[in-house]
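Enquirer: Now for the letters of each chain:
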Amino acid sequence: MRAHDETEFAGLVERQWRFAYRVAWAVLRNAADAEDAAQEAFLKILLAEAWRGLRDERAFVARAVWRAAVDTLRSKAARGSGAGAEEDWAAMVDDARPDPEAIAVAANWETAVHRLIDSLPEELRQPLALSAEMNSREIAAALGIAEGTVRTRLMRARQILREKMATVEERHYARG
Amino acid sequence: MRVDEIDEEIDAALRSYAKPPETPEPRVMLARLLERARAEETQRRRWWPWLIPAAGCAAALLAAALGVVRTPPIPSIAFAPKAPGVVSIPAAPDRKPVTRIVARVTHKPQVHLAAESLPKLEMFPAPMPLASEEQKLVAFTRQTPPAVVRQVVEAKQHSDDPLEIAELKIQPLDEGDNPVPPKGKNK
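Read top to bottom, the protein sequences are chains A and B. When the letters of the first sequence are read in order and numbered with my numbering, they come out as residues -10 to 165. When the letters of the second sequence are read in order and numbered with my numbering, they come out as residues 1401 to 1587.
Incorrect hints may appear among the rest.
[What the hints assert, rightly or not] The list that follows gives simulated cross-link-like pairs (lysine-lysine, DSS-like), each with its CA atoms no further than 27 Å apart:
{"no.": "1", "chain 1": "B", "residue 1": "K1556", "chain 2": "B", "residue 2": "K1536"}
{"no.": "2", "chain 1": "A", "residue 1": "K65", "chain 2": "A", "residue 2": "K33"}
{"no.": "3", "chain 1": "B", "residue 1": "K1419", "chain 2": "A", "residue 2": "K33"}
{"no.": "4", "chain 1": "A", "residue 1": "K65", "chain 2": "B", "residue 2": "K1419"}
Calculated from the structure, these hints are not laboratory results.
Bound conformation, chain B alone (with noise of 0.2 Å):
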């Protein structure tokens, strides 16, 4: 069989392969359709009315859930050690702010406990140890004799003056190494 022929036959059998057996009307499946989308519309419109309460729930959880994380910060009052020059003031008997503050404060104990256990430090800064570097300079200025660390001392301070170099003065040459000959004596 020729390519012609095969390609006419494939042409052929497409035509018959692409053809469906019987074609609905478009005016009975434009019926179905709407039937189709007005059911799914009544589907979706059943959710409607549980959908408010159910994002209202969801909000109320969510801040319940926010409120739980998030604790106050606790008023520095608390933490604050007392003065001897301050005096106190006592708050009003219907005051209940102060002993909300009181219970918060119960609540952390082992951070108040963290803090009063560290030792009070007598210099600030803290004195740390010397670096390998200085460990060496004191060391140099223990053996060497003084008059040669002041050199030493002087030599650095002066290291970033700025260089002097005198100025060069160039003799002229002098007439009696290379004479010259005097114009016009030959005559």
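Extracted from the complex, chain A is given alone in its bound form (with noise of 0.2 Å):
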């Protein structure tokens, strides 16, 4: 790799690393993971030699970041890990059992509301997670979707939170 290119590489990787790790953490929701799959995407594009004359840096950097978290979310779905507390949740919020005892261990509320975000359907949580750090346009570039099924998604996963939120609610009040 020449001098000139190391420079160029340097300075999109300084402009760009913080954003790209927000959107790994978003889609993995681990620091070790989210870090893996920011460089394994920073790598790509590396090796590729795909830095030179971007149009839209930012946008080109959520996708690779975007396809790379993906990856990561697939290998650890066909190891089997980490869905236990997405199942235990929505398994809270759908059952109609009145004590869940879930609830209780959710202290604060935001951590509740975290669970919940975490037991959405992905299609669902990842435009939702990623509405934080982008706007439709950039989230529908990076997912590669239409803007409107990005606006429709991100509708369709606030209404489920909010029903199920008003459940959760209910139930905890009723609890006393």
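Two independent chains are provided; combine them into the complex using the hints.
Expert: Below you can see the structure in the form of structure tokens.
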């Protein structure tokens, strides 16, 4: 690698690393996995020499990192790890049992909402998580779907969250 | 809880949800990335010296395989029957291709035998059995008197001639049948 190329690539990493890491984190929710995915994406960009002449480097990096993160997610799912908490909380909300113990475990409300977000289907959770970092257009570019689809998914995700939060809160008050 | 409050809570939870606890420093990451890139490049280069001989071996194997599959065509002289008037010229003693041709002929005896075993035809093309229409035509000519057959044949021959229609001649109307009153005679 020539010195000039190295400098150029270093500039890209300096500018986009934090954003890339946040995108990976939003998808993976695990520091080590997010770091690996972001690194993998940058390594692919470097080896393919794809950083030259980028029109929208933020969108390009977001797409590359999201792909790497989804690959990590798939390989983790194939290994069968990380699905436990999601299933527990989905069961907690959908279940008609009056006193789910998990609510008591989740001491603060924000953590409970995080768990509810985790319980969303991936096609809804990912755009919702990325919406904290990007707008609908950027999410659409990263995920390779239409902007209208992103908006629909965000609305659906929020609707489901509202319903689940209302249910959890009712149960919480019912317990006293 | 109102919908607005729920939405606010969702937004707040989302912000904290998407915020990683600690972001690694870009410079540290860059150093790791470059290190990994160099390692990958070294690994790639490790294969380069083997690549050219491997490609050569593959090409040689391919050529050998093609050589086995494609047998050269057998010269027609090996199959040509000797005509009585043709004088065969003996090959030069130091010419090896003649012996090679003979050797190739011996590899395919069954082809030669199959060609010889076919019966020799006296007529060419070979007579074919009559079709049903032809059989009917033969039966018709045998049963029908020759005069009728001739008429049929003639009618058939003239069937394509253009039709001749005689010119129509219409006679003027006879004045006696339908008398026209003369003008001015009543005066």
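Enquirer: Could you tell me which of the numbered hints above are not met by this structure, giving the numbers in increasing order?
Expert: none
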